[in-house]
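Student: So the sequence lines, in the order shown, correspond to chains A and B. To convert, note that position 35 of the first sequence is 24 in the numbering used here; the numbers rise steadily by one, no gaps. In the numbering used here, each residue carries its 1-based index in the second sequence increased by 5.
To be clear, the hints were calculated from the coordinates, so they are not data collected in a lab. All figures in this text were calculated on a predicted structure; none of them were measured in a lab. Errors might be hidden in some of the hints.
Just a sample of chain B residues kept apart from chain A, beta carbon distances all over 12 Å, derived [what the hints assert, rightly or not]:
#1 S49
#2 W215
#3 I219
#4 Y228
#5 D324
DSSO-like, lysine-lysine: derived pairs with alpha carbons at most 27 Å apart [to be verified]:
#6 A:K12 / B:K258
#7 B:K112 / B:K145
#8 B:K9 / A:K12
#9 B:K145 / B:K119
#10 B:K313 / A:K25
#11 B:K193 / A:K(-6)
#12 A:K25 / B:K112
#13 B:K193 / A:K25
#14 B:K55 / A:K(-9)
#15 B:K118 / B:K136
#16 A:K(-9) / B:K136
#17 B:K9 / B:K258
#18 A:K12 / B:K193
#19 B:K101 / A:K(-9)
#20 B:K193 / B:K119
#21 A:K(-6) / B:K318
#22 B:K313 / A:K(-4)
#23 A:K12 / B:K318
#24 B:K145 / B:K193
#25 B:K258 / B:K193
#26 B:K193 / B:K318
#27 A:K(-4) / A:K12
#28 A:K(-6) / A:K12
#29 B:K55 / B:K101
#30 A:K40 / A:K(-9)
#31 A:K(-4) / B:K112
#32 B:K258 / A:K40
No residue lacks a Cβ here, since even glycine has one placed at the ideal position from N, Cα and C.
Chain by chain, the residues run as shown.
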Amino acid sequence: MKNLKLKAARAALDLSQQELADKVGVSRQTINAIEKGDYNPTINLCIAICKVLGKTLDELFWEEDS
Amino acid sequence: MKKKAAIITIIIAGSILWVLTALAVCFRGTQTLAFTDTVQEAGSGVTYVKRSRTPVDFLPVGNECEFEITVDGPDEIVPTISISLESSKAEPIFTKTAKNGTFKTGKLNVGNKKIFLNFAYEPLPELDENKDYAVRYTIKLTSGNYALYNSIMLTLAAVCILPLALSIAYLISLNENNKKAFDERQMKMRGKAAMTTMIVVIATALGLGWFSLIYNDFPLSAYECLMIIAFIGIATFAITTDRYDAYMGLSNKRNVIAVMFSIIGILDLVIFFSTLRLIRNGAEVNNRIDSLVQGICCLSIGVEVFIKNIQNKTEALEDEES
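Pulled out of the complex, with its shape left as it was, chain B reads as follows (with noise of 0.2 Å):
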């Protein structure tokens, strides 16, 4: 391998491992989950203006685990948590009414089973009609199961970085060009490329920001617009310098990539649309829109890259005859 392409690869793996090594510190065996609400009086009792989570739940940790929320809003709201298993309708384990502060829960039996927690407001005589409420909250789960299933999670993470460092290396390497001249349409085409895929980023990125604008239950958080972005991004650059032949190291193995894309990109799609079926029967599933997202940009570089190896057959098999 060539000695920059293994630069690279150290570079790489060296880098993961540090950002793996932080994060375990990091967490050991917490998650952290902050966000807030805005609610209003309106006559009838305490409704949302804005809800930033739907439901506020966790996957199950174990048998045991603790809580710590923070509660920090203005001092006449004054909401009641309560954590429930499985469903937001069940029967509450917990309910606590919390003020201004931090609480802890003390240990929980939760039974390996999904965790809700549910929010509710009494409508205190001291509430202006029409007035929004802020109210922030930050919940620390912390759990057993769930450090080591992260330390599990690093160790397999760790392991797979070596193969996952080559492997971009050798792609890398496979673009590289030690010969004095070089193909300058190429060049040309990349710069084309990029342009294209920097115009449809900030389209989308400015598309998104402004329909957080206008709807006041804009659905996305801002990890999913983020992913989104670079999704569609990555999937029109791939795209773009297929179809000009911007890179000689996209011609070989056409079909396996046509392959490994477009099944990444079924599962993906097939994943999206069994979680909106669940949803329909009354399941509280959290629906990725940006699993959708990056089910529909790899399928399309599937294809892309799959159409673009026929045009390409049958130009060379032109060439041939003519």
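Here chain A stands alone, though its shape is the one from the complex (with noise of 0.2 Å):
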């Protein structure tokens, strides 16, 4: 599934695909991995990614039930 919450979060400061990978110390083609639900994060890369995003584990990363 999609991770479209982080795509809306990182556009929101501006951030390229590849300027968040070199904040978070990964390559761009993990978070676009990331992004496109084609790799599930371990908790230490999520955490680094909140804390870059200035979000929270659940604004980024948990699923509503639909």
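Combine both chains into one complex, guided by the hints.
Tutor: The structure is reproduced here in structure tokens:
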């Protein structure tokens, strides 16, 4: 499932995938894979992304039941 | 440069220098060729059941050289060994009928030409029809010019070692990460690429082994088989890691890597196909299948890196636009 919340939070700070990747110390492809839902990040990476984007884990990674 | 990379550089350079020194001490202008031929009395004469090398030849080694040939086979087989220059069909400059044992040819004037060794077998009455006879030959070629060539090549190789070792250490250091966190997706993908490579390498090795069992005239030597397996393994790992984005270091200077591998691949293919053309024109040239495989592998890596570069740029552009 695509992670549109992450994409939206990144776009709100006007960060590109590469810039976010550089800040959290991973490759751009990893951020791309998370946004596309191709890769489930570890909790460490989730926390690092949340800190950079100023969001909580719930706000970025919690999936609401549809 | 980081401490670890420096240590790796020293270890690699030291190991290669040690191996080169050992080689220089061991060979001293001598090259050795050992192989086994299997023959059979088929009524009309002695014919080959299996030839390990066709033709048995040596590249030019200067004006003078000496052979020491050891024949090891059943007593019923008496081979006649002749040495000719430039072509196996040329007039022999040396001929000897040899029983089991070792003999020396003495100094031969070979005029810096390619040397061919030919083997013929007399149809003796002691031979049993349809029985296989295996004869092992060990041929030692000694030449002053070859020693000089060896020394020059070893010196050149030694000169190339340091930059080579430095480049390897630099490539390794590109992927070092001292940060507490690391890209776990990349770690996972490296494992996946290693598994894919292992499967491909095992399949290639088994496939080659299967072909060598099925075909009596399996054309590849053990060295060629090893080179084919190694190149297919390297190409598979390089391509899969790049497809999975498993190494950050690979993302830099993609165009240079793509061009470099493509040029090596094209050169290998040109060499392979030009030797094919020479063979069609009747020249006796060793056609190396491993250079064809090497060419295809290098070209595949080059093309893949180039395509991946375009895909990455498109993805980054789409991200900027969205």
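Student: For the pair we were handed, K258 of chain B and K40 of chain A, check the Cα-Cα distance against 27 Å.
Tutor: At roughly 31 Å apart (the allowed maximum being 27 Å), K40 of chain A and K258 of chain B break the hint.
Student: Would you assess whether W215 of chain B, listed as outside the interface, keeps its beta-carbon beyond 12 Å of every beta-carbon in chain A?
Tutor: 37 Å, holds
Student: Going straight from one Cα to the other, do K193 of chain B and K(-6) of chain A come out at no more than 27 Å?
Tutor: Given that 27 Å is the threshold and the Cα spacing comes to 25 Å, the pair holds.
Student: For a C-alpha distance cap of 27 Å, please report whether K112 of chain B and K145 of chain B respect it.
Tutor: 13 Å, holds
Student: Holds or violated: K193 of chain B and K25 of chain A, Cα atoms, limit 27 Å.
Tutor: Measuring from Cα to Cα gives roughly 18 Å; hence the hint holds.
Student: Would the pair K12 of chain A and K258 of chain B pass a check requiring their Cα atoms to be no farther apart than 27 Å?
Tutor: Distance of about 21 Å is within 27 Å: holds.
Student: Keeping to a limit of 27 Å between CA atoms, is the pair of K12 of chain A and K193 of chain B held or broken?
Tutor: 21 Å, holds
Student: Holds or violated: K258 of chain B and K193 of chain B, Cα atoms, limit 27 Å.
Tutor: 24 Å, holds
Student: With the threshold set at 27 Å, check whether the alpha-carbon distance from K145 of chain B to K119 of chain B stays at or below it.
Tutor: 16 Å, holds
Student: Taking 27 Å as the top limit, are the C-alpha atoms of K55 of chain B and K(-9) of chain A close enough?
Tutor: 62 Å, violated
Student: Against chain A, does Y228 of chain B hold up as non-interface, every C-beta pair farther apart than 12 Å?
Tutor: 38 Å, holds
Student: D324 of chain B: least C-beta distance to chain A exceeds 12 Å?
Tutor: Non-interface label on D324 of chain B violated, nearest chain A Cβ at 5 Å vs cutoff 12 Å.
The structure shown violates the earlier hints numbered 5, 12, 14, 15, 16, 19, 20, 24, 31 and 32.
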